[in-house]
Amino acid sequence: MAKAAEEKAKAVTTVNSKKGEKFRRFLLDSKKTWQLYLFCVIPLAYLLIFNYYPMFGVQIAFKSYTASKGIWGSQWVGLKHFKTFFTSYQFSRTIINTLRISVYSLLTGFPLAIVFALMLNLVRNARIKKWIQTITYVPHFISTIVIVGIIFQLFNPVTGVYGYIYRIFNPGEYPVDLFTKADVFPHMYIWSGIWQQLGWSSIIYIAALAGVDPELHEAAEIDGANRWQRIWTIDLPAILPTASIMLILRFGSIMSVGYEKVYLMQNDLNLVKSEVISTYIYKVGLKSATTFSYGTAIGLFNSVINCTLLVLVNWIAGRFGEGGTSLW
Amino acid sequence: MVSTKTAEKAILKRNRIKDPWQDKLLYAIVGIFFAVFVILVLYPIIFVISASFSSGAALNAGQVILWPVDPGLHGYEAVFSHKYVLSGYRNTIFYTIVGTAIGVSVTFTAAYPLTRRDFPARRFMMVLCTITMFFGGGLVPFYILMVNLKFINTIWAMLIPGALSVYNMILVRTNIMSNIPNELLEAAQIDGCSDTRYFFEIVLPLSKAVIAVITLYTAVGHWNSYFNAMIFLRDKNLFPLQLILREILVSSRIDLSEIEDADLLAALVGLENLLKYSLIVVSSVPIICVYPFIQKYFIKGVMIGSLKG
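Protein chains in written order, with the working numbering: chain A, 1168 to 1495; chain B, 88 to 396.
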């Protein structure tokens, strides 16, 4: 008995000394690398102020924020703002509009980028290939405001190219202004996005294709495989891991559509189809200090869904895909 | 008589493995697709440039299709006599240069300690950074923060927030860790090199490519962004170019009283379209002109980013 107790005591002390050892080591390492701590001061301040302070400010979603009382002092109101949002007509409208835009873009932009990369891989003249890349990447660098401005100008029913083409077929008449038609908004938004980003979004797949061993193609060619067959059996499998990671990311962000471009393309007539969660938060949340809490609540609701989606999709991908498709 | 050379060529041609007809079809499809797509991409760009050099009357009549009609520089005269376009241009250049300098410095200072395997707080800092990639306060709490910091309507709102991009930081960290061997650090330490000196004399000079990538990304981001300016700035004299562009291009509110030349003003009534096209060109020229030369760095950036996963 005594022996057992003794051993136990010994074990405890070794654990303690191990802990002490670890701590001493930490101090020693820290002393050696003290300059690195100085490097961390500014970034740490940045993280705390610009990332963690707003996170801590999220609590006003459950409060009735007033500027005079601040984040701490404002009154708790529980789930009031969430209830207001869930019962508002904007709830289903913004969610459906957000989903419509992101699913539409997932179904078009995502496969098209892959097709674009596969096709570019078929261009045999290296110089032409380079030119195509250079030209199709250009729109990526044009600012959103300019892109939207160009769309407005081109599709202007009187002075734009759209009006011009319409008048060729219907002389003397003017077409309808497409921006007054809510139904046109999603198409306009998505296809202008594809115009701008298709080349750029295919870079990552082009890189994956560049990694394919040319001997694979030679061997397949000698075995009599034509180019179509080689796309299916060599090129596509080479892209697949990248594509599945991109797909996971896309699914994870399916409930978030950025406000930058949508906000610029909105007008009173297309709001039915163009009001998405992020633009709604901006409009309703920043209007005055009294709506801060409401805006924060919608934002919190949205980011909880986004986070859950990302984890969920990644988990599903990890279960069904072979190792390596998961994000972490 | 057939010369030996052409005969040789004919034999070579006959003996080459011929593309099966399916392949020919495929290459034809690819050729047509890229021809169409390249035209689609180029057409709006050429149109805008041509329109900006045309006359306002031709534009309003919808006569400009591909090439300039009644060429002239009236649009550009209008742009450069617009009070806020010039101040916007100046502000954008200032925000881009200073903002990029701050952003790149903070990103690299943050990344360096995290590349050091012997840094005890490394894990803690990494966790702190990773969390911010999943959760965020959202727009409204961020706005409240800016109000509390008294950044509203000051240039600090354009320069300070967002300087530390965690995504870029991790990109830099991964790049440094995979490119600079640990032996270099050990050798430097044996020679008595301090951690700070190692950063400035070894890490930075060896990271030129990634510095270029991050600088370009940040600079283009600053040049093209408008949303923060729209939320945080009230004073039109502080507005960056993009925000001025928004008023003119998107909201279609051209305040002709802001054009200071009276003669020009008279000529300009009704020429808003021209002004818009010239503005588009003037605001995009710096990036489009520099782009072909720095393209490889951007592409490199995408590659480095994709290796992270």
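One should not assume that every hint holds.
Quick list of simulated restraints, FRET-style, between CB atoms [what the hints assert, rightly or not]:
# : chain 1 : residue 1 : chain 2 : residue 2 : range
1 : A       : V1471     : B       : P292      : 51 to 57 Å
2 : A       : P1338     : B       : F167      : 55 to 61 Å
3 : A       : V1471     : B       : R204      : 32 to 38 Å
4 : A       : T1251     : B       : K237      : 29 to 35 Å
Hints are computed from structural coordinates only; laboratory data are not their basis. Here the structure is a predicted model, which means the values were calculated and not measured. Glycine residues also receive a C-beta, built at the ideal position from the N, C-alpha and C atoms.
Now for the hints, and whether the structure bears them out:
1. A:V1471 x B:P292: 51 to 57 Å: The hint (51 to 57 Å, Cβ to Cβ) is violated, given that V1471 of chain A and P292 of chain B are roughly 45 Å apart.
2. A:P1338 x B:F167: 55 to 61 Å: Violated - the Cβ-Cβ distance for P1338 of chain A and F167 of chain B, about 39 Å, lies outside 55 to 61 Å.
3. A:V1471 x B:R204: 32 to 38 Å: holds (35 Å)
4. A:T1251 x B:K237: 29 to 35 Å: Holds: the Cβ-Cβ distance is about 31 Å, inside 29 to 35 Å.
In the structure shown, a violation is registered for the earlier hints numbered 1 and 2, in ascending order.
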